[in-house]
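Protein chains in written order, with my numbering: chain A, 12 to 110; chain B, 15 to 486; chain C, 799 to 1281.
Hints are computed from structural coordinates only; laboratory data are not their basis. Every residue, glycine too, gets a C-beta built ideally from N, C-alpha and C. The hints are all genuine.
If the Cβ cut is set under 8 Å, some of the chain C residues that face chain A in the computed set are: (1) Leu-849; (2) Leu-940; (3) Val-941.
Chain A regions said to be covered by chain C (calculated; three or more residues, Cβ under 8 Å): (4) 65 to 79; (5) 82 to 90; (6) 93 to 106.
If you want the building blocks of each chain, they are given just below.
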Amino acid sequence: MARITRADVEHVAELARLALTDDEIERFTEELGAILEHAAQVSSLDTAGVPPTAHPLPLVNVLRPDEVRPGLDRDEVLAQAPAAEDGRFRVPRILGDVP
Amino acid sequence: MTALELAAAVRAGERSAREVVDEHLAAIDARDGELHAFNHVMADSARDAADVVDIAVARGDDPGPLAGVPIALKDNLCTRGVPTTCSSRILDGWRPPYTATVVERVLATGGIPIGKTNLDEFAMGSSTEHSAFGPTRNPRDPSRVPGGSSGGSAAAVAAGFAPLALGSDTGGSIRQPAAFCGVVGVKPTYGAVSRYGLVAFASSLDQIGPFAVTVADAALLFDVIGGPDPLDSTCIASARAPIAESVDDGIEGLRVGLFAELLDGVDADVAGRVHEAAGALRAAGAKVGDTSVPAAAYGLSAYYLIAPAEASSNLARYDGVRYGLRVDGDDAASMNARTRDAGFGAEVKRRIMLGTYALSAGYYDAYYGQAQRVRTLIIRDFDATYRDFDVLLAPTTPTTAFEFGAKTSSPLAMYLSDVCTIPSNLAGHPSMSVPFGTGADGLPVGVQVLAPALGEPVMFRVARAIEQAAPA
Amino acid sequence: MSWEAVIGLEVHAELATATKLFCSCVNEFGAEPNTNVCPVCLGLPGSLPVLNERVVEYALRLGAALHFDVPEQSVFSRKNYFYPDMPKDYQISQYDLPICVDGRLEVDGARIGIERAHMEEDTGKTLHVGGGGRIHEADYSLVDYNRAGVPLMEIVSRPDIRSAEQARAYVTELRAVLDAIGVSDVKMEEGSMRVDANVSVRPSGVEALGTRAEIKNMNSLRSLGRAIEHEVERQIGLLEGGERVVQETRHWNEEDGRTHGMRTKEGSDDYRYFPEPDLVPIAPDAAMRERARASLPELPAARRARLVEQWGITEHDARVLVAVSRLAEYAEAAVDALHEGTAKDVANWCAGDVLAYLNDTGSSPEVLPLAPDGLAELVGLVVDGTLSRNMAKDVLGECLRDGKRPKQVVEERGLAQVSDEGALGRIVDDVLAANAELVAEWRAGDDKVRKKKRGALVGALMQATDRRGNPQLLNRLLDERLG
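Produce the entire structure from the sequences given, and follow the hints as far as they go.
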C-alpha cells in the first residue's frame, strides 16, 4: 500500500471540512502515515470468502409503529443555535450546489 | 460505604440522601481542584434530587435500588439542561434538550447524578490528556494519568467523589482507566445497554458501562441501566435476569482460559498478577488452561480503521449550524471548516482524517472493508475458544498508569495501550476489569475477565471470585 | 446524421406516512418552521434512528406494484456529504443493497425497466435571502428542518426512455400507480414527487451510450418535457459542432427555457458510503411479502382496460378518468347508483364537465359538492327527457357550485323540459305562422338555403319554448310540418 501523501491529506481534509494549517498538514501526513502502516497489517490476513461484520449482533427487522409522539419545543431548539432568524437556523450564503 | 450499603441505609431511613450527597460534594470540593475529575459539578440539582428521595422515603415509598447514591456521569452522556461538552471546545456550553436513556433509568431508581466527568475529547484517547479542558489526574498518583477516555469517571470513583460512575467503552475506555485507577469497570455485551443519548464515537463499538469500587456495586448499576430500549435499534429487545442475583454463585467447575495473545508483550509484573489471579481461581475450583484467539493479534489494526471511519461520519454533524461553536466564514462551507478546525483538538482531527481516508473512493475495500472482514475472523476465533472455555483471563492494560506526556508525542504509542481491550469491542462481547494488587511501582493492576456475548452472569461470578482473592 | 435520445428518470416520492422515517415526528407539509423536530431528525449528538414499520410496508407494496424483486436482506447506508439542510451531514439512504431491484412499468405498450427503488430520508429546506432568492446571489440562508427525516422512495429507471413525451408518459403512469396504491400524495407542486432526468444522445443505430448530463429543477410535467427537449437539442448541437458533452449536473431554468451547468467543486462527490451501523438489516419475511401482494388494489393499467371493456369508452377517456386521482372511483360510484342511463354517459360527464370543474377549482373528487349518486340522478334526468343535454350542463354547474341536487335545481328553476307532443306541436304551428316568409324561402330554396332557413326557424322555436322544448321532438315536428 502506497504511503499517504501530502496531497492525499489535503484532499481528505477537504472531504472532512477541516481547514488545516500548513503545519497541521505536514504533521498529519507524517502521523497518519505511521498509523496507516500499522493498520495496513489487516491486509496480511486472507479474508477470501469472509463476509464483513457490520453489526456484532445478528438482529434484523427492528421497527417502530407509525405513531406520532411529541417532539421538541422550537424555542428550546433555537435557543442553542449560533444564529437564528424567523424560526429558522441562519447560515452564511451557500456557494456550490447540493453535491 | 458501598453503593449497596448506602442505598440500603437511605431506603431504611437510617441516613438521609441529602446528607450523603452533601458528604460527597464536600469530598469533591476538597480534592477535585487537584484532580479535575469533573467538567461540571451538579451541586444544586443533586441536592434537589436528594430531597426528592428523602421525601419519598418519609412517605413510605420505595425510591428504588439506587436510592440516594451519587453517580458521576461521563460528559458524553446527554443530560437535559446540563452542559454536555464531550470535553470538546466545539460543544462548550451545549445543553442538550433531552436526557440519555441510561441517565433516565438512574434517575428513576433514586440515583443522584452528581456531576459530568472529564474525558478525552469525544472519547478518543487512552489517558484523558486529549481533553480540551485539561487532563484529569490519577487519584492513586497525581503525577500519572487516570487512563482514558473515561478518566474522569474512573478517578471520581477512585477518589471517593461518588461510589458509582458511568463511562463509555469503544476500545477500552472504561476498562483501561478502571485498571489504572484501581476500580472495577465493565463493558457490557454490545446491545445490552441502550446508546440513546450517548454522543456517538464509533457506533458499532460504543457501549455504556458502570464504574464501581466493588463487583457487587457494578452489578447493581449494570442491572439498572441495561435492558431493551425502543429508541435504540441496536439494543437487544429481550429483558434478562438481573446480574446481582447470581454474582455470588461461585465458580466451581467453570473453565477459565488464559488469553495467550494478550499476555504476550505486556509488562512482567502485570502478567504476573494475571497468573496470580488465575491461581486463585484454580484454588477456588475453576479449571484453568491456556488458550489462543489468533486473529485477535490483528485487533488493533482493524480497530484503528473501523473506529475512526465511523467516527469521521458521526462527527460530521459538528458544523457550526445548529448548536455549539461557530467560527464565521464568508460562506457556509468556509464557516464549517473554520469551526471544525478551531473546535476539534489534534487527536480528534487525526481520527477524522484517518477515518475519512479509510472510507474514501479507492481505499474502502483495502482498509474499511478488509477491517470488517478481519473483525469476522476475530469473532470466529473467539467462538471457537468459547466452545472450550466459559471465560477468558487477560491483562486489562500492558502497563500500569503512565506519566503525563509519556505517550502524547506518538499517537501510535498511545493506541498500543488499547491492545488488550480492543478485541472485546470488535466482537461485541462483554468484558470487565477487576483490581488485583499493584505493579512493581505500587500502582494498581487490573485483571480482565472476558466472556461470550450475553455472558455477563458468568463474567461477574468470576470477577467476584477474583475480587475476593485480591491482595490487600 | 440522425440522433436518438436516451433518457433515464430518477423519481423521488415522499411517502404518506403519519410519522417520519426514523423518528415519531409528524410527517406533514406546510407546518411552521422547525415545529416538527426532535433529537433524531435534528441529528442532535447522541440521537439514534429507528425505522418506521409503515415505510417498509409501503416499500414492499411498491415493490409488488412495479414487479420488483425484493432480495432477502436489504441494508441502510450512510451517504456522507456536508450541506446545511442535512442535520447529520450524512444522509441515511440505501446503496448496494436496496429493498427493490429489477422492476418495470408498461407505458403505452413500451416496457420501461426500473433498476431499483430504495428508502432514504429527506433533507430540510433552505430559504435563500437576498439576491432575488437565488442560491448563488444570496446574502445568507435560513434552514427549516421540518422536512428532514421525511421518508422518500427513490425510484430509478433504466435509460429506456427515448423522448420527452415518453418521459412525461412514464412519470404520469408512475404517478398514477403510486397514487392508486396509496403510498404517496405524489403532488409535484408540493414537492411530494420530484423528478430528475439523466439525458444523453447517440447516433441512431449505435449501441454505446453517450455522455449524460443530469437535469434538475423541473417542477412540473410541462417543465420536464420542455427541459428534456431542450437538453437533447443542446447536446445534439454540441456534438454536431464537434464538441463534447460534459458529464455534469445542469439546472433547468423555467424562465429562460434553458439548462445551465452548475458550479461543482473537484472531487466533492466522494460519498464514502458504508453500512449504517445504527440500523440493522431488513429481511422481509413471507408474511410481509404476502401482505404487500394482498394489499395491491386494481392498478391503473388494469383499471383502464376494464373500463374500456365494461363501459365501452375510449382509451383516451379511460386514461383521463384513471389519471386524475380518485376520479375513476367517483365515476364508478356514480355508475353503481344509476337507475337510467349508461356507464358511458357517466364517463362522458366525468371526463368532460366534472374534470373541467376540478381543474378550474383545484378541487378533488373526494370533496365534490355533488355526490356520485347525484351525478347518476342527473344522467337519469337526461335519459328520461326531463332535461336536454345543454340544460343538464347548466344544472350540473349549479350543483357543483352550490351543492344542490339536480332534481332540486330543476324544481326551483322550473326547468323540466317540455316533451308533450301536443303542446309542442301547437308552438311549432305558431312559430311557423309567425315566420311565414322564412317558410316560403325554405320551400323555394336549394339545400344550402334550406339549411340556413331551417336553422333560423329552429332558433325561433328555441326562443318560443324558452329553450325548454325537447330538441329531438321539436326537430321531428318541424320536419313534419315543413313536409
